[in-house]
Amino acid sequence: MRRVYLDHGATTPVHPEVIEAMVACMRDHFGNPSSVHSFGREAKKLLEDARSNVAKLIGARPEEIIFTSGGTEADNLAIFGVARAMRKKGNHIITSAVEHHAVLDACLALKKEGFEITVLPVDEYGMVKIEDLKAALRPETILVTIMHANNEVGTIQPIKEITRIVKEHGAIMHTDAVQTAGKIPVDVNELGVDLLSASSHKIYGPKGVGCLYIRKGTKMFPLTHGGGQERKRRPGTENLPGIVGFGKAAEIMTRDLPEETSRMTKLRNRLIEGFTAIPEVKLNGHPTDRLPINVNVSIRYIEGESLLLMLDMKGIAGSSGSACTSGSLDPSHVLLAMGIPHEIAHGSLRLTLGRDNSEADIDYVLQVVPEIIERLRAMSPLYDRKEAQACTPIK
Amino acid sequence: MYTDKVMDHFMNPRNVGEIEKPSGVGEVGNPTCGDIMRIYIDVEDDIIKDVKFKTFGCGAAIATSSICTELVIGKSIDEALKLTNEAVAEALDGLPPQKMHCSNLAADALHKAIADYKAKQEAK
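Top to bottom, those sequences are chains A and B.
Letter by letter, the first sequence follows residues 1 to 395 of our numbering.
Letter by letter, the second sequence follows residues 396 to 519 of our numbering.
Honestly, I wouldn't trust all of these hints.
Facing chain A, according to a computed beta carbon distance under 10 Å, are these residues of chain B, among others [to be verified]: (1) 408; (2) 427; (3) 431; (4) 442; (5) 518.
Hints listed in this document are in silico derivations from the structure and should not be mistaken for laboratory results.
Glycine is no exception: its CB is placed at the ideal position from the N, C-alpha and C atoms.
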């Protein structure tokens, strides 16, 4: 059976060159980068080469990159680190309703410690409104954390403009760029942010490694204490094979970004056109300010998990914002924040493209999907109710 | 995540559809929570001659609806009333724990259809 992986927003396959680099690291360079001897020095060189490559991906200086265990830790380090360092200055933090749980839940945890949290609403496309941000800023605002692009619906936030306002106000700006670093051009100086989180496994690197960019001069406390690694901001012996893999992935993404972005955008637009040609299928997220890899649609009258299972039987891997797949009784907090009703949010489908996808994959998906939708709708009591309404003459 | 039996009933659901002049109809759930089941029954001499269903919901919701129809066709009303949601799940070789409550409502829908049938009988 044909297998089409369209869940690159969840994770990506590890690039063969990345695997090679990691194997070579483990086989030939097992040393501890902190050691003085040649084994240690060789390991240290790999560590710093990887740091340079990751820095280059986001336009940073190598010394501004702190390696972490992934995007979640980077988000937590940024938010807790700043909150604790700046507490004397203020206790107010601003975030948005569509953030990843790594950010939302970190902010909720700080609320329990006495911080005040403002959660900005979003418009129908999942976009933060500048006027809402301006209204929320207070003298005691120390940190604003708003994601670069949304992981579910792909909407790209106006981070440059947001950052300008936040900096003018004198607060620290963090952005979660886990979905953008390596997928669209990201430059920390162009954006102006103080802190930026990125992840390796979303860009064909290994899992368990990510980084936090920390602009020079940004005050923050570490979350863990130990040795002097990572400029004391993230102590502990480095996950060198993981970091080397991340570095290689960053190098490949920097090299291939322009070509891949335009190829992904073409495939994405074909999928969006194909899906929205089906009756009562609506695109979620912004039509143009959108990740090139992201398609998110709501398919009325059917439920997301049953759709995913049927797609899986045809070899197609996607994800959904339905409650069944979110692990709670509520559907996606992102779709709900965008004002999408529960029953429509339950019928959402996210397909996220990657390097391994071809035009033929898109042909296959667009051939298979309408049949599946029709099958599930034929089973749905909501669909025939709608048919009955359509048949009722308007008085 | 799901047993082979659940996947079989999900991919090849039995008795999907409606009964034109049903003896009773029962519906449970709501679109907000993500599961709706509607069950139609055709009863003759207190025996369930036919059952059809329509379900909006996850794999477990569709599979439980399907097997529930199979379990009660040919049974008497009294026997059908003894069917529980737990027994439906058991007939599918079990459901994941998180699905036991939100998506395992087929027996409830069936009981509602029987109550609807009884109410109609009394009205006659």
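Holds or violated: the hint that residue 518 (chain B) contacts chain A, with Cβ atoms closer than 10 Å. With Cβ-Cβ at 24 Å, over 10 Å, it is violated.
Using the nearest Cβ pair, does residue 427 (chain B) come within less than 10 Å of chain A? 4 Å, holds
Tell me if residue 442 (chain B) is really an interface residue toward chain A, meaning its C-beta lies closer than 10 Å to one of theirs. At 25 Å from the nearest chain A Cβ, residue 442 (chain B) fails the 10 Å test, so the hint is violated.
Per the CB criterion, is residue 431 (chain B) less than 10 Å away from chain A? With a closest approach of 5 Å, the residue 431 (chain B) hint holds.
Residue hint residue 408 (chain B), partner chain A, criterion CB-CB below 10 Å: 7 Å, holds
This entry does not satisfy hints 4 and 5, going by the numbered hints stated previously.
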